[in-house]
Amino acid sequence: MVLERAEDEEKWLAEGIAAIQQNAFYMHRALDANNLREALKYSALMLSELRTSNLSPHKYYDLYMRAFDELRGLEMFFKDESRHGVSVVDLYELVQHAGNILPRLYLLCTVGSVYIKSKEAPAKDILKDLVEMCRGVQHPIRGLFLRSYLSQVSRDKLPDIGSEYEGDGDTVMDAVEFVLQNFTEMNKLWVRLQHQGPGRIREKREKERSELRDLVGKNLHVLSQIEGVDLEIYKETVLPGVLEQVVNCKDDLAQYYLMECLIQVFPDEYHLQTLEALLGSCSQLQPTVDIKMLLSQLMERLSNYAASSPDVLPEFLQVEAFAKLSSAIWKVIDAHAEMPVVGAISLYVSLLTFTLRVHPDRLDYVDQVLGACVKKLSGKPKLEDRRATKQIVALLSAPIEKYNDVVRALTLPNYPRVMEYLDSSTNKQMAMVIIQSIMKNNTCIKEADKVEVLFELIEGLVKDVDGIAVDELDEEDFNEEQNSVARLIHMLYNDDPEEMLKIICAVQKHIMVGGPKRQPFTVPPLVFSALRIIEALSSVPSPELALRLYLQCAEAAGDCDLEPVAYEFFTQAFVLYEEEVADSKAQVTAIHLIIGSLQRMTVFGVENRDTLTHKATGYSAKLLKKPDQCRAVYACSHLFWVDDQEGIKDGERVLLCLKRALRIANAAQQMASVTRGSAGPVTLFVEILNKYLYFFEKGNPQVTNSAIQSLVELIKNEMQSDFTTQDPASDTFFASTVRYIQYQKEKGGMMGEKYGPIKA
Amino acid sequence: MVLVLALGDLHIPHRAPDLPAKFKSMLVPGKIQHIICTGNLCIKEVHDYLKTLCPDLHITRGEYDEETRYPETKTLTIGQFKLGLCHGHQVIPWGDLDSLAMLQRQLDVDILVTGHTHQFTAYKHEGGVVINPGSATGAYSSITYDVNPSFVLMDIDGLRVVVYVYELIDGEVKVDKIDFKKTTTTTAH
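Residue numbers (the numbering used here), protein chains in the order written: chain A, 8 to 767; chain B, 69 to 257.
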C-alpha cells in the first residue's frame with residue numbers, strides 16, 4: 008500500500024510539474040505581450056497546482072520551487088508599471104479577485120512585495136495585512152509554504168534600522184512583530200499536522216513534520232538577523248514571544264526543535280543575559296522532550312563562548328551562570344528519576360566542561376558537580392553500562408586535562424568517591440589516565456597526605472580488588488600497569504628528608520599489600536627513592552642515621568626477596584661504618600645494629616652471607632676497646648646459628664667465634680695486669696659462659712659440657728686470684744649464672760640430663 | 069599498690085606523630101608512681117611529656133634517641149621487686165628470650181623490661197619475668213609486621229605484680245592482664 012502510494016506520488020508530482028510548466032509557458036507569453044489579464048489568468052492557473060493535498064512535504068517542496076521561480080518573472084512585470092499601466096495600489100486590489108484563495112494569496116504576496124518597494128504605503132501596514140490574510144489557508148502543508156513564501160519575499164523589506172523602509176512610525180518593533188506573528192501562525196500549522204488525518208501512521212507524520220521544520224525555524228533566523236534587535240528588544244519582545252509559543256504549543260517535536268534553533272541562532276551573550284527565562288521555559292516543556300540534550304547544547308555554546316575571550320568571563324559571574332545552570336540541571340535530574348544514568352552523567356560532563364572553562368579557579372564548583380554525580384550514583388551497584396562509564400571517565404579526565412596538575416584533582420573530596428563507582432577495569436583505566444597525566448606534566452607530588460589520596464585513587468592497580476586474582480589479568484596489560492606505578496613512585500618526592508620519609512612509608516604501606524607479583528615492579532623504585540634521601544643524609548653530618556636507615560631498607564628488601572638490593576644496602580652500611588662512624592661508642596652501637604640486622608636476614612645465599620658475616624666479625628674484632636671487641640665478637644656467634652627451622656646452624660663457626668671472644672677476653676685481662684697491675688673484672692668471662700650455655704641448650708654439638716666445666720673453673724680461679732679486681736656486679740652475675748645452672752639441673756628431663764655432668 | 073608505667077619505642081617524629089589519642093586520655097598525671105621507658109622516644113618533647121605524667125622517669129637509650137646520654141641499662145628497686153631496663157637492640161638475637169635471660173642474670177633482676185621489637189610480650193622465665201611493652205605509638209618495625217600500639221602498667225603489691233597490657237586494636241583499647249608472684253623475698257630463681 009505504501010509502495011503504491013509512493014509510486015502515485017511520483018506520478019502526481021510529475022503531473023503537477025508538467026501543469027506548472029505549461030501554465031508558466033502561457034504566462035510568460037502574456038508577460039512578453041504585456042497582457043496583464045492573461046498573465047494573471049495563467050499565473051493563477053499555475054498556482055492552483057499548489058492546491059494539491061496529495062503530496063508529501065518533500066515532493067510539495069519540489070512543486071513549490073518551480074512555482075516560486077516562475078513568480079519572480081511575474082514580480083518584475085508587476086513592478087514595471089509602464090508595462091501594464093496599473094498602479095500598484097490597484098494591482099493589490101485586482102489580484103484579490105482570483106478565484107481560489109491559495110493562488111490569490113500567492114499573487115497578493117507577490118504584489119505586496121512590489122507595493123512595499125514602491126513605498127506608497129508604510130511597510131508595516133502592508134506586512135500586517137499580508138500576515139493576517141494568510142490566515143485564510145489553514146491546511147498545514149499549504150499554509151506553511153505560503154507563509155514561507157511571504158517570509159522570503161518580505162525578507163529584504165523589513166523596516167529594520169538603517170533600511171530604507173524605516174522611518175515614519177515604521178520601526179524595528181514592527182518588523183519584529185511581523186516576523187513573530189508569521190512564526191506563531193506557522194508553528195500552529197506545523198503542530199496541527201501532527202493531529203491531522205486519521206489512518207496515517209505516526210512515524211510517517213513525524214517524518215513529514217521533520218521535513219517541514221526548517222520552514223518554521225527560518226523565522227527565528229530572520230529574527231536574529233534583524234539589525235535593530237538588540238539585547239533589550241530580544242529580552243523584552245523576541246524571546247518572550249518565541250518562548251510563549253514554544254511552551255503553549257505543547258508539542259514535543261516542535262518544542263525540542265525550536266529550543267534547539269533558538270539556542271543555535273541567537274548570540275551567546277543574549278543567552279547569558281536571559282538564562283533564567285530560558286532555563287525556566289525548559290522546565291515547562293513536555294516531559295518527553297529531551298531537555299538534557301538542550302541543556303548540554305546550551306552549556307557547550309556557553310563554554311565555547313567563555314573560551315573565545317577572557318573578557319567575557321566577568322559576565323558569567325555577573326549573571327551567576329553556574330548557579331542557574333547547576334540548579335536547573337539538578338531539577339531536571341530529580342524530576343526525571345527514571346532517566347538512565349548515562350543521560351544524567353553526560354549532563355554532569357557538560358556542566359563540568361562549562362565550569363572548567365568559565366570558573367577554572369573555583370574548585371568548589373568542580374567538586375559540587377562531582378558531588379552531584381556521587382549522589383546520583385549512590386545506592387546503585389557499580390556501573391555496567393559502557394556508555395555511562397565512558398562518560399564518567401570523561402568527567403574524571405576533564406579536571407586533570409584542564410589543570411595539568413593532578414594534585415588539584417587530588418584535593419577534590421568527591422573525586423575518589425566517583426571513582427568508586429567504576430567497574431574495576433574502567434577504574435584501572437582511569438588510574439592509568441591519572442598516572443599518565445602526572446608523568447606527562449612532570450608533576451611532583453610533595454606531600455604524604457596527597458600521596459595517600461593518590462594511592463586511594465589508583466588502588467585498582469596496586470592491589471587485588473573485587474576478588475579478581477592477579478593471575479587472571481592479561482600479562483602484557485599487567486606489566487604495563489605495574490611499570491607505570493613504578494615510574495610514578497619516582498614522582499613522589501620531597502627534598503625535606505622528614506616529609507620524604509613519610510611519603511616512603513605511605514607508599515610502602517600500599518605496595519606491601521600488592522602481593523608477590525606486583526612487588527618486583529614496585530619495590531625497587533621505592534627502595535631507590537629511599538636511597539636518594541639516605542645519600543642526602545650521609546653527605547650531611549648524619550652518617551649514623553643514614554646507616555640505620557640503610558639497615559632498615561636492607562631488611563625491607565630482604566622481606567621482598569630482593570637479594571641484590573639487600574646486599575647493596577648492607578654494603579652501603581659498611582661503607583658508612585668504615586668511613587664515617589668515628590666515635591668509638593657510636594661504632595659499638597653501629598656494629599651491634601649491623602650484626603642484629605644481619606642475623607635476621609634470610610634472603611642471602613651462602614656466598615653473600617659469608618662475605619657479610621666475615622666483614623661483621625672483622626669489624627667487631629677491630630673495635631677500639633677490648634671489652635667491646637669481645638662482646639661484638641660473641642654477638643657474631645649468633646650469625647651462624649638461626650633458631651628457625653630453615654635457619655643455618657653452623658656449630659663449628661659458632662664455637663670459633665666464642666673461642667675468639669675468649670681469647671680477646673684473656674688478652675684484655677693480660678693487658679689490664681700489665682698496665683694497671685691487676686686484672687680486670689671477670690664479667691667478660693661470665694658473659695661468654697652464658698653464651699656457651701645458650702648454645703649448649705640449643706644443641707650445638709661443638710659446645711660440650713666439658714668446655715663449660717673448664718670455663719666455670721677458669722672463672723672461679725680468676726675470681727679467687729689476688730690479682731683480680733673485686734667487682735660485686737660480676738660476682739652477682741656469676742652467682743646468678745651458677746644458680747641458673749642448678750635450676751636447669753633440677754628441672755629434670757632432657758635439660759636436667761644435659762646439665763647433669765656440670766658441677767658449678 | 070604501686071603503679072609503674074612501662075612503655076617505649078614511640079619513634080616520634082620519625083615513624084609516628086604522637087601517642088594515640090585514646091592512650092593519651094588514659095595517661096593522666098598523678099596516677100602513676102614510676103615510669104620506665106625502654107627508649108627510642110626519640111625527641112626531648114616526648115621526654116618532657118612523660119615527665120609531666122610522673123616525675124620519677126627512667127629511660128634507657130634506644131638507637132634513634134636524640135639524647136645520647138641515656139644509659140644503656142638501668143636497674144631500680146620498687147617494693148619487693150628489682151627491675152631492669154634496657155632498650156634491647158644490644159641483645160642479639162633481637163627478641164630472643166634466652167639471650168634476654170642472660171641480661172636478666174647479669175643485671176640480677178626479677179623483672180626485665182626491654183623493647184626494640186615493637187611487639188608486646190610477657191614471659192615467666194626462671195622464676196622471673198621478661199616484659200616487652202611494645203611500641204606505644206604502633207611505629208613501624210622491620211621486625212614485627214603490623215604493629216598495634218601498646219603499653220604496660222604494672223601494679224606492684226608486696227610479692228605480687230599484676231601486669232596489665234593495653235593494646236589499641238582497630239581503634240579500640242583492649243586490656244589483658246597477667247599475674248606474677250615472687251616466691252621469696254630475695255631474688256627469685
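It is worth saying that the hints were derived from the structure and are not from the lab.
Keep in mind that this is a model prediction, so the values were computed, not measured.
Treat the hints with care, as some may be off.
Stated by the list, open to error - Below, computed lysine-lysine pairings styled on DSSO-like, alpha-carbon distance capped at 30 Å:
| no. | chain 1 | residue 1 | chain 2 | residue 2 |
| --- | --- | --- | --- | --- |
| 1 | A | K387 | A | K453 |
| 2 | A | K629 | B | K142 |
| 3 | B | K150 | A | K457 |
| 4 | B | K150 | B | K249 |
| 5 | A | K257 | A | K338 |
| 6 | A | K766 | B | K192 |
| 7 | B | K150 | A | K754 |
| 8 | A | K457 | A | K447 |
| 9 | B | K99 | B | K119 |
| 10 | A | K656 | A | K516 |
| 11 | B | K142 | A | K453 |
| 12 | B | K119 | A | K766 |
| 13 | A | K754 | B | K245 |
| 14 | A | K705 | B | K142 |
| 15 | B | K99 | A | K705 |
| 16 | A | K592 | A | K632 |
| 17 | B | K90 | A | K754 |
| 18 | A | K409 | A | K382 |
| 19 | B | K142 | A | K723 |
| 20 | B | K242 | A | K516 |
| 21 | A | K124 | A | K135 |
| 22 | B | K142 | B | K192 |
| 23 | A | K752 | B | K249 |
| 24 | A | K592 | A | K516 |
| 25 | A | K752 | B | K150 |
| 26 | A | K633 | B | K90 |
| 27 | A | K516 | B | K90 |
| 28 | A | K457 | A | K435 |
| 29 | A | K632 | B | K249 |
| 30 | A | K126 | A | K66 |
Said to hold, decoys possible - Have a look at the derived ranges for each label pair, beta carbon to beta carbon:
| no. | chain 1 | residue 1 | chain 2 | residue 2 | range |
| --- | --- | --- | --- | --- | --- |
| 31 | A | E482 | B | D247 | 51 to 61 Å |
| 32 | A | K516 | B | D247 | 47 to 57 Å |
| 33 | B | D247 | A | E659 | 42 to 52 Å |
| 34 | B | K112 | A | A589 | 45 to 55 Å |
| 35 | B | Y213 | A | E653 | 15 to 25 Å |
Ideal Cβ positions, reconstructed from N, Cα and C, are used throughout, including at glycine.
Below or equal to 30 Å on CA atoms is what counts here, so check K99(B) against K119(B).
-> holds, 13 Å
Going straight from one Cα to the other, do K119(B) and K766(A) come out at no more than 30 Å?
-> violated, 48 Å
CB-CB spacing for D247(B) and K516(A) relative to the 47 to 57 Å hint | violated, 37 Å
Does the structure keep K632(A) and K249(B) at a Cα separation of 30 Å or less?
-> At roughly 41 Å apart (the allowed maximum being 30 Å), K249(B) and K632(A) break the hint.
Holds or violated: K99(B) with K705(A), Cα cutoff 30 Å?
-> Not satisfied, since the Cα-Cα distance of roughly 44 Å exceeds 30 Å.
When you check the alpha-carbon spacing of K705(A) and K142(B), does it fall within 30 Å?
-> holds, 29 Å
Hinted pair K754(A) and K245(B), Cα distance within 30 Å | holds, 27 Å
For the pair supplied as a hint, K142(B) and K453(A), is the alpha-carbon distance within the 30 Å limit?
-> violated, 42 Å
Given pair status - K754(A), K90(B), alpha carbons within 30 Å | Between K90(B) and K754(A) the Cα gap is close to 44 Å, so the pair fails against 30 Å, i.e. violated.
Does the structure keep K124(A) and K135(A) at a Cα separation of 30 Å or less?
-> Roughly 15 Å between the alpha carbons, so the hint for K124(A) and K135(A) holds.
Does the hinted range 45 to 55 Å hold for K112(B) and A589(A) at CB?
-> violated, 25 Å
Does K192(B) lie within 30 Å of K766(A) when you go C-alpha to C-alpha?
-> holds, 26 Å
Violated hints for the displayed structure, listed by number in ascending order: 1, 3, 10, 11, 12, 15, 17, 24, 26, 29, 30, 32 and 34.
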